[in-house]
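Visitor: Read off the chains here:
There are 2 protein chains.
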Amino acid sequence: MDNSKIGQHISGQFNKELEDVRNKVLTMGGLVEQQIELAVTAFTTGDVEMAELVIKQDNQVDALEMAIDQECMQILALRQPAAFDLRLLIAVIKVINELERVGDMAERIAEMAIQLSNADSNKHDQYYELEHMAELVQEMLHGALDVFARMNIEDVTAITGLDENVDREYGSIIRQLITKMMEDPRNITRMLNVLWVARSLERIGDHACNVCEHLIYMVKGEDVRHLTQEELERKMKE
Amino acid sequence: MDNSKIGQHISGQFNKELEDVRNKVLTMGGLVEQQIELAVTAFTTGDVEMAELVIKQDNQVDALEMAIDQECMQILALRQPAAFDLRLLIAVIKVINELERVGDMAERIAEMAIQLSNADSNKHDQYYELEHMAELVQEMLHGALDVFARMNIEDVTAITGLDENVDREYGSIIRQLITKMMEDPRNITRMLNVLWVARSLERIGDHACNVCEHLIYMVKGEDVRHLTQEELERKMKE
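Protein sequences, first through last, are from chains A and B.
Counting in full-length UniProt numbering, the first sequence runs from 1 upward without gaps.
Counting in full-length UniProt numbering, the second sequence runs from 1 upward without gaps.
In isolation and in its complexed conformation, chain A is listed as follows (with noise of 0.2 angstroms):
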């Protein structure tokens, strides 16, 4: 699957819109991959101003997903497309909104970061399991990004699968978590602070994999929401 699909329009205006939406969907992209990547880091070395760089970020992304969404509608209005552009921009338009709602994890992971900071500012070195876990969602997200670049449905499977391990590491944090809550009550406030965050990103790993959902709504046509992942592979090898 190659981009193809984009070059076939008879106006060269209509492609080079579409050509710009999905450029637009990029940037905000990398935005929120690097409003992760900071949060994370703010979150484990209790670094306050990148904490607050994070959430001043997020004003950037939702003035994108509006302006984004009133591109979207304006193409829509104006060229009345049908089948694969109308699809291609009813999936942007969805996929947006999930990388806003990334966005709006990053922030509140930039959040506790800033709480926990005040808590306490030398427990920072014990977040090896959140990190790991990080890492796995921020290869979720920035996978379904590149397959979304490429339009390439082919490699989406190998990216879903993965939230089955992101979902397996955030049970077993919660479970130390609440060990570490019983052990000393005194941890439960800031072990709470880390649930949320741990929470948050189990969510952006859900989101990636909406993210992969909308493409293959985009490039097949097909609904597959609400799929296992088995179903999914089987679907994908149809």
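There is no bait here: all hints are sound.
Copies of the same chain look alike in the list, so a pair counts if it fits in one copy or across any two.
Taking lysine to any residue and the SDA-like style, the derived pairs with C-alpha atoms no more than 20 angstroms apart in a straight line are:
1. LYS220 - ARG22
2. LYS220 - LEU78
3. LYS235 - MET66
4. LYS220 - ALA77
5. LYS235 - GLN70
6. LYS220 - MET73
7. LYS24 - ASP223
8. LYS180 - LEU192
9. LYS235 - ASP163
Please keep in mind that the hints were generated in silico from the structure rather than gathered at the bench.
Chain A is already provided as a structure; the job is to place chain B on it using the hints.
Guide: Okay, now just chain B, sitting in the frame of chain A:
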């Protein structure tokens, strides 16, 4: 503001299609409202069968979302609507996504009900604050679906204004839960279940606000996401 815009089409068939889509959204909304009601009752009374019903209902909600989505895409492709009709269809696509996520939250509450009923069965009379918060978010969601049905944007700020109360109640519940966890660490697992329920309710309030924002976009063509409550109130008076 009345529904007169919907009645202005030369094509009676097109008219019927838009009306049909709106009715299906309201059906989906009604189902999701029922899900929340049952999930909260299941949680506070420990009724496992009721919780299982909620989880089963979620398949219906998901199927409705996919059916409405497809119907919107067909209308977009065949009728190539512009202006209000285009905004209506895009708003519907976004609103059903919010409702689907609300359904997921209800399912989550139902899962917590099942877990908690396994953990202990005689402490289900301690959820007064949670029930009050649930009433608030149910009021918000019902209000959002009602203004959407009537396409009445005048009453929107009264609904979104409730979100501050929800957030306040949420904060208060979290503080109480932390206290209870500290008092008796054996409470921790149980209290975490309550915490997830509170969090899910808080998210439902956010989704109700989002429905209101999509309605405003549909009627006025203005994107009011990311405004504060005061900014929104000012905007609505313009």
